[in-house]
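As given, the protein sequences belong to chains Z and B, one line each in that order.
Sequential numbering from 89 applies to the first sequence in the working numbering.
Sequential numbering from -8 applies to the second sequence in the working numbering.
Keep in mind that the hints were calculated from the coordinates and are not lab data.
Cβ atoms here follow ideal geometry from the backbone N, Cα and C, with glycine treated the same way.
Any given hint could be a false lead.
As the list claims (entries may be wrong) - Here are the simulated distance ranges between beta carbons:
1) Leu95/Z to Pro239/B: 46 to 56 Å
2) Thr276/Z to Ala405/B: 27 to 37 Å
3) Lys156/B to Gly139/Z: 44 to 54 Å
4) Thr239/Z to Pro168/B: 18 to 28 Å
5) Leu304/B to Arg137/Z: 19 to 29 Å
6) Asp266/B to Ala122/Z: 31 to 41 Å
7) Glu138/Z to Pro69/B: 11 to 21 Å
8) Glu315/B to Leu277/Z: 51 to 61 Å
9) Pro239/B to Leu277/Z: 20 to 30 Å
10) Arg137/Z to Leu59/B: 23 to 33 Å
11) Leu95/Z to Asp266/B: 28 to 38 Å
12) Asn143/Z to Ala293/B: 33 to 43 Å
13) Ala267/B to Pro226/Z: 24 to 34 Å
14) Ala272/Z to Val261/B: 27 to 37 Å
Stated by the list, open to error - Keeping only pairs whose Cα atoms sit at most 30 Å apart, straight-line, the calculated DSS-like set for lysine-lysine is:
15) Lys141/Z to Lys119/Z
16) Lys123/Z to Lys189/B
17) Lys247/Z to Lys348/B
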Amino acid sequence: MNGFLALTSIAAPLIRDNVDTDAIIPSREMKSVAKTGLADGLFAGWRYREGRKPNPDFILNQPGYAAARILLGGANFGCGSSREHAAWALAEYGFRVIVAPSFNPIFRANCVRNGIVPVELDARPIAQASGPLTVDLPSQSITVADGRRWTFAIDSEAKAMLLDGLDEIGLTLLRAGAITAFRAHDRTLRPWAYL
Amino acid sequence: MGRTIFGKIWDAHRIESLGEASDLILIDRLLLHERTGGIALKSLAEAGRSIVAPRQVFATMDHVVDTLPGRSDRTIMPTGRDFIVATREAAIAAGITLFDLGDPRQGIVHVISPEQGIILPGLSLVCPDSHTCSQGALGGLAWGVGSSEAEHALATATLRVRRPKTMRVTVNGTLRPGVTPKDLALHLLGRFGSAGAKGHVVEYAGEAVHALDVEGRLTLCNMATEFSAFTAIIAPDDKVFAYLKDAPFAPKGEAWDAAVADWRALASDVDAVFDAELDIDAADVVPMISWGNSPQHSVPLASHVPHGSDEALVRARDYIGLGEGAALIGQPIDAAFIGSCTNSRLSDLRRAAAILKGRHVAPGVRAICVPGSGQVKAAAEAEGIDRIFLDAGFEWREPGCSMCFFAGGEHFGAQERVVTSTNRNFESRQGPGTRSHLASPETVAASAIAGCIADPTQMEAQS
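Please put together the full structure from these sequences, using the hints given.
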C-alpha cells in the first residue's frame, strides 16, 4: 500500500450522523470473496435509483464532486457491521480522507489499514469552505485557499502506518521472538487458554 | 488503585507496548464466518503465511447460508455459494475447526461460541463481526475486528490495539416483571444515544445485571456495538461457570478447577476507577420498541413517535412511514421475525412460545423463527417448542443469521412493517425499503398474534 503524506482535493459533504456500513456498502453489493470490485456498490442505496440509474440528488453524482477524494461526514461515521468492505469500497472509489466528528472504532481501524486517513473533526465548518482542501498528515492539519486551518489529533501508531503504508503483519512478525516467549510463559499460567 | 476486569485481562495479554496508548495484545481465540472470515483465510494463504495456533481458530457458516429446510450450499443470495465453498476450502486447508452445514454444532457464531465453550472468562477473542461484543457476557474480552485484523491475528496470534477507555453501566435494583434484557438494551440506547458508550469497554454491573441468566446477558452485551462501545463485559459468576462446565472446548477435571479459581479473581476490584460511569434504576425500564431508522430511536412500547423538526428525525419518520405523535401499539404489521445473535437462544424461544401457545398468527402476517444454532433447535424440538411455533403459523427454520439483514437473497418487502428481535433497524437492513421495529421476542410474538404492534404483558399466557 502507498503511504500518505498530503492530498489536495475537493471534499464531498455527506454530513449526516450515524452513516452505517450497510449504507456505505450494502450487503447485497458484496458479491465475491475479494477485496476488490466494490467501488460500484459504494453507497448503492443512495447513489442509484431503480434500474441502477444515478440518483442526481446524491452528492457524489453532482457535478463538481466526481473528483472528490475527501469525504465529509457526521458523527458516529461507519457504525454498524464490521465489514471491511466499507473501507475497501471507499478506497477503491478513490477516497483517501474522511473527516467526521467521530468514527465507529472498528471502521476507523479498517480505514487506517487501507490507507484512508480518519480525521476526527467537526466537518460542518470545513464544508463551508469553497475550493479544494489540503490534508497534510505530518503536520496533522487541513488548510483551505483562504488561509483557514484546522489541526487534528491522531495516535502515533495509526499515523505511522498511514505515512509509510506499512504491512502491519510484517511489522508484527518482527516481534515473533517476543510473542513466542510470552506464549510459552503464559501457557504455564493459563494452560486452559491453549488448545 | 484497584483494577477493572478489563484492566486485569488486558494486562495478562499485553506482550509489549507499541508506544503511546497502543499495545501488542495476545489473542486466545479467533472465530470466523463465511462472510468476512473466508477472505481473511484466503488473503493469508495468498501471502504465503500460516496460522500460529490453528487449534484456537474456529469457523462457522451463518451469514449467507439459507435457513430453509433441506438447504444445501446453494443459496438464494446470488454468489452465496462462493462464500461458503471458499471458506470451507480455506478452513480445511488451514486445519482449523469448522462447524459446517449439516454439523449439529453449526449456527450463529455468537450463539455457538458460548455453547461450545470457545469463549471462556478471561480469554481474549476476536471475530470479524461487530456483534462479537455479545460474548463478553461470559467474562472474556471479545471484540469485533475487520478482516485485515483477523488476518493479523491468524498470522501472529496478536493484535496491535489502542487501549480503550472504560465505562461502568450499573443497573441497580430489579427489572419489573415482563421487562426483558432486550428492553434494557433498547432503554440504554434510547436514553443515552447510539454514541453513548463511544469507544469504551462497557462493564455491565449491578444487581439487575447479575440477576440475568447467561443468555439474557448475551442479549444485553450484544447491543453494545449499537451503543458504539469497543465491547462489553460482565464479571463471571457461578451462573457462568455452571453454563460452561462440560462444554466441549472448556477445560476438564483439575484444569477446570484451576481455571475457575483464576476466573473468580477477574471481577473488578472495589476500588477500581472507570473513565466513565452510568447508573440507572432497573425499575425505570419498561418494554421497549424502536420507531425509526437507528437503534437509538427506541421508546417505551406504550408511547409515541417523537415530535421534532430535526433533519434526522424527519428523515427517520419518512422512512418508517409514521407521523409525529403516532402511537406505536396498534400499528398494523406485515411480518414478524424471531432470530439473530441478539435473541435466538433457547430461553428466547421458550418465552415467545409461552405467548404463542394456543394462539395463531393474524391473517396476512408472515412470521418466521430462526433458532440460533443446531443445538438450540434440537433442544427446542425436544421440548415441543417447534410444534408451538408451527401450530401458531410461524415458519420454523434451520440455524443462521437469516433475515436479520438483506444480503441479496431473502428479504422483506419495500414499506413492509416488521417487528423483529434483531439488533439493527437501519434503512433497508432487512430488505430494500423495509421498516424494521426492534423489540423483544415476546413483543414480536404478541405482535404476530395481534397483527399489529402489541404489548406482550397485556396478553395473558394460555395454558
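Evaluation of the provided hints:
One distance hint, 46 to 56 Å for the beta-carbon pair Leu95/Z and Pro239/B, holds here, with the actual separation near 51 Å. Taking the beta carbon of each, Thr276/Z and Ala405/B are about 59 Å apart, not inside 27 to 37 Å as hinted. Distance hint check: the CB atoms of Lys156/B and Gly139/Z are about 47 Å apart, consistent with the given range 44 to 54 Å. Look at Thr239/Z against Pro168/B: about 54 Å separates their beta carbons, and that is not inside 18 to 28 Å.
For Leu304/B and Arg137/Z, the hinted distance range of 19 to 29 Å is satisfied, since their beta carbons lie about 25 Å from each other. For the hinted restraint 31 to 41 Å between Asp266/B and Ala122/Z, the CB-CB distance of approximately 40 Å keeps it satisfied. Look at Glu138/Z against Pro69/B: about 18 Å separates their beta carbons, and that is inside 11 to 21 Å. Range check, Glu315/B to Leu277/Z: about 59 Å between beta-carbon atoms, so the 51 to 61 Å window is met.
At roughly 23 Å, the beta carbons of Pro239/B and Leu277/Z sit within the given window of 20 to 30 Å. Roughly 31 Å separates the CB atoms of Arg137/Z and Leu59/B, a value that falls within the hinted 23 to 33 Å. At about 34 Å, the beta-carbon gap between Leu95/Z and Asp266/B stays in the expected band of 28 to 38 Å. About 38 Å separates the C-beta atoms of Asn143/Z and Ala293/B, a value consistent with the hinted range of 33 to 43 Å.
Distance hint check for Ala267/B and Pro226/Z: the Cβ-Cβ separation is about 33 Å, which falls inside the suggested range of 24 to 34 Å. Taking the beta carbon of each, Ala272/Z and Val261/B are about 34 Å apart, inside 27 to 37 Å as hinted. Between the alpha carbons of Lys141/Z and Lys119/Z the distance comes to roughly 20 Å, so the proposed pair stays at or under 30 Å and holds. For a cut-off of 30 Å, the pair hint linking Lys123/Z to Lys189/B stands: about 28 Å separates their Cα positions.
Only pairs whose Cα atoms come within 30 Å are accepted, and Lys247/Z paired with Lys348/B is rejected, the gap being roughly 58 Å.
This entry does not satisfy hints 2, 4, 17, going by the numbered hints stated previously.
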